[in-house]
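S.K.: As a plain string of letters, each chain reads:
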Amino acid sequence: KNEVEQSPQNLTAQEGEFITINCSYSVGISALHWLQQHPGGGIVSLFMLSSGKKKHGRLIATINIQEKHSSLHITASHPRDSAVYICAVPPGGADGLTFGKGTHLIIQP
Amino acid sequence: NAGVMQNPRHLVRRRGQEARLRCSPMKGHSHVYWYRQLPEEGLKFMVYLQKENIIDESGMPKERFSAEFPKEGPSILRIQQVVRGDSAAYFCASSPRGGGASSGNTIYFGEGSWLTVV
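Chains as they are written, first to last, in the working numbering: chain U, 1 to 109; chain A, 1 to 118.
It cannot be assumed that every hint is accurate.
Computed cross-link-like contacts, DMTMM-like style, restricted to lysine to aspartate or glutamate with a CA-CA straight-line distance of at most 20 Å [claimed, not checked]: (1) U:K101 - A:E111; (2) A:K44 - U:E5; (3) U:K1 - A:E111; (4) A:K44 - U:E15.
One-sided excerpt, in silico: chain A residues whose CB lies under 7 Å from chain U [what the hints assert, rightly or not]: (5) Y33; (6) L38; (7) G42; (8) Y48; (9) F65; (10) T106; (11) F109; (12) E111; (13) G112.
Simulated from the structure, these hints should not be mistaken for laboratory data. The C-beta atom is built at its ideal place from N, Cα and C for all residues, glycine as well.
Could you build all of it, start to finish, from the sequences and the hints given here?
M.R.: Here you go:
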């Protein structure tokens with residue numbers, strides 16, 4: 001079973017700050033997902049990555065397969081980035097995803 | 001909107017009633033996943049289906065819960081004799097290819113169905 005740890009659990013920052021959210025997992029994987037969930041809302045898939053780095057707008061995701069670690073970065077953060085960010089990996093031996101508990105991010109103007 | 005469609009978005013049921021949640025995957029997707037998010041908890045995998053087949057139901061409670069994905073129509077998650085502990089958000093996701101989450105397929109989520117049992 002793959003254990004997923006995210007940090008920090010809660011993060012409050014000022015608009016414009018550089019944000020980093022971390023994710024560690026215990027079992028080697030083929031791909032890792034970063035998801036975004038707004039309060040009371042649905043889930044948006046931000047990234048699916050298996051190596052290196054991906055960038056989409058102000059969001060950057062990196063993964064180190066050897067160290068079983070991934071980071072999600074937000075540059076020039078904005079209040080509309082306020083959401084829960086969730087890391088998810090294949091659980092090993094099953095088909096669904098195993099999710100981290102999420103990082104609650106609040107960006108204050 | 002060609003995304004994953006879930007309905008109803010909000011459902012209220014009394015204890016003992018049945019709840020049916022529907023999910024229409026993205027066009028061209030034949031692989032559907034159901035996840036549950038209990039209040040103040042993270043998402044948990046429930047079941048993975050392909051058309052007319054249950055591939056992995058390792059996350060489904062043994063009783064009262066069932067899922068199907070018929071040849072025609074949406075996938076249905078059915079909860080019989082609901083209890084207060086079933087109150088949660090239920091998310092459906094779809095992917096275009098098989099192999100489950102381990103295959104590295106991008107997975108697209110629906111907006112979720114919020115079930116409240118009173």
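S.K.: So, against the hints stated earlier in the document, which numbers end up violated here?
M.R.: Structure breaks hints 3, 4, 6 and 9.
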